[in-house]
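Participant: The residues making up each chain are set out below.
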Amino acid sequence: MPLLIIGLVFVAAIIGAIYLYNSGSGSGTTSTASSNSTAARPTPNMANAPAGAPVGVNMLGSQTAAVTVEEFADYQCGGCAAVHPVMKELASAYAGNRNFRFIYRHYPLAIPAHDKSYEASAATEAAGLQGKFWQMQDQLFRNQAAWTANPNYRQIWSEYASNLGMDVQRFQADIAGIQTKNRVDADIQRGRALGVSSTPTVFVNGKPVPFSELNIASLRRIVDAEIASVASAQQSNAAPAANANQ
Amino acid sequence: MAEQEVPELETPGLRKLPLAAGVVALVGLADSVYLAVKHFTAEPVPCSLVEGCEKVLTSPYAEVVGVPIAAAGAAAYFIAFALAVLAAYGDGRMWKLFGGLATLMAGFSLWLIYLQAAVIGAFCQFCLISAATSLTLFLIFLTSALISKETSMK
Chain A
1 MPLLIIGLVF
11 VAAIIGAIYL
21 YNSGSGSGTT
31 STASSNSTAA
41 RPTPNMANAP
51 AGAPVGVNML
61 GSQTAAVTVE
71 EFADYQCGGC
81 AAVHPVMKEL
91 ASAYAGNRNF
101 RFIYRHYPLA
111 IPAHDKSYEA
121 SAATEAAGLQ
131 GKFWQMQDQL
141 FRNQAAWTAN
151 PNYRQIWSEY
161 ASNLGMDVQR
171 FQADIAGIQT
181 KNRVDADIQR
191 GRALGVSSTP
201 TVFVNGKPVP
211 FSELNIASLR
221 RIVDAEIASV
231 ASAQQSNAAP
241 AANANQ
Chain B
1 MAEQEVPELE
11 TPGLRKLPLA
21 AGVVALVGLA
31 DSVYLAVKHF
41 TAEPVPCSLV
51 EGCEKVLTSP
61 YAEVVGVPIA
71 AAGAAAYFIA
81 FALAVLAAYG
91 DGRMWKLFGG
101 LATLMAGFSL
111 WLIYLQAAVI
121 GAFCQFCLIS
131 AATSLTLFLI
141 FLTSALISKE
151 TSMK
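Listed in order, the protein sequences are those of chains A and B. If you count the first sequence from 1, position 156 lands on 156 in the working numbering, and the numbers rise without skipping. If you count the second sequence from 1, position 96 lands on 96 in the working numbering, and the numbers rise without skipping.
Hints listed in this document are in silico derivations from the structure and should not be mistaken for laboratory results. Incorrect hints may have been included.
FRET-style restraints, in silico, Cβ to Cβ [as the list claims (entries may be wrong)]:
| no. | chain 1 | residue 1 | chain 2 | residue 2 | range |
| --- | --- | --- | --- | --- | --- |
| 1 | B | Leu110 | A | Ala12 | 26 to 36 Å |
| 2 | A | Lys207 | B | Leu139 | 51 to 61 Å |
| 3 | A | Gln179 | B | Glu150 | 53 to 63 Å |
| 4 | A | Tyr21 | B | Glu150 | 43 to 53 Å |
| 5 | A | Ile5 | B | Ala117 | 29 to 39 Å |
| 6 | B | Tyr114 | A | Gly206 | 31 to 41 Å |
Far from chain B, some chain A residues (derived; all Cβ distances over 10 Å) [what the hints assert, rightly or not]:
| no. | residue |
| --- | --- |
| 7 | Ala81 |
| 8 | Ala82 |
| 9 | Val86 |
| 10 | Pro112 |
| 11 | Asp138 |
| 12 | Asn150 |
| 13 | Glu159 |
| 14 | Asp167 |
| 15 | Gln189 |
| 16 | Asn205 |
| 17 | Gly206 |
| 18 | Ser212 |
| 19 | Ala225 |
| 20 | Ser229 |
This structure is a prediction, so every number in the text was calculated from the model and none was measured. Quick reminder that beta carbons are idealized off the backbone N, C-alpha and C, glycines included.
Work the whole structure out from these sequences, hints included.
Facilitator: The structure is reproduced here in structure tokens:
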């Protein structure tokens, strides 16, 4: 009897863990509560800062990852829409790799042709407040042609939100809200600090990747090389770190 | 049967304590499984009561030699639960093992509370729940130890 109870609890714990793992994966929008502190101190090293520093960012992968791929993008930029599937593939290729994380940064360009970019960034953040950041980001990039020149773009976004099972009224209110604006501004500020001048700009551990290399084969090669170099550096640091934890 | 060779807990009332410990260990197990999964999916954890979950859960202290503390905690709570259940069914040796484990867990929790308060400077409510459950497990064992000491002195 006791072994039966223990076995049942073991199975329940495993099933619970699998359920949690499957139900939650995909949305990595952290709370906006601490995003202001990130915005206030943008430093060039933050992409690879010690774990704990990059709060309030849209991130996929391990928070304690040694290798950070950071993309600055604009929802009305054609190149960004073209690179979007590549970044998605990259993130899924390294999904579960504790050395890898992908951070998406808003960098809406203030140019007349990109009149809806800032608002689009806010819209994905508003979706993020309902746990649907990545889904909305995906929608906006994949359907860029459908809304980018459409005067009824807000209605189109609301349809995406509705299709994603979101509270549409709340979504619309949040787009104009200060919380989403702060989040977007924090990313822009960081982009400026890093000297981002065009989109998409992708950094791997702070090193910019040329646009011509923004394909899955090149990115994987760069990321693999970075993981290998970080892993060898970690080995030499392992001893003092272990002492500090004691 | 082998069960007869096992030293039984002295008073029947004592078995309620392992039972209570089992329930508390279940709470701790659920909490740490949740944290461990969130650690692996790198998802944010809701922090409604206290600020700074992100800071705590992404701190270098969230892992020891590559093992997430939450995962180690889940394993520890499961073992504690198993020992408590076996003890509730009368196996006194398991209760002693439980006591050792609960003491270790409570000690480790105190260390984690210290880290949150003094080193990281932020608290994470799910970590505090875990600290509360492991300290409760220890207190339950302490109570049973005191009761059995009293009864043996009579």
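Participant: Honestly, which of those hints from before does the structure not fit?
Facilitator: none
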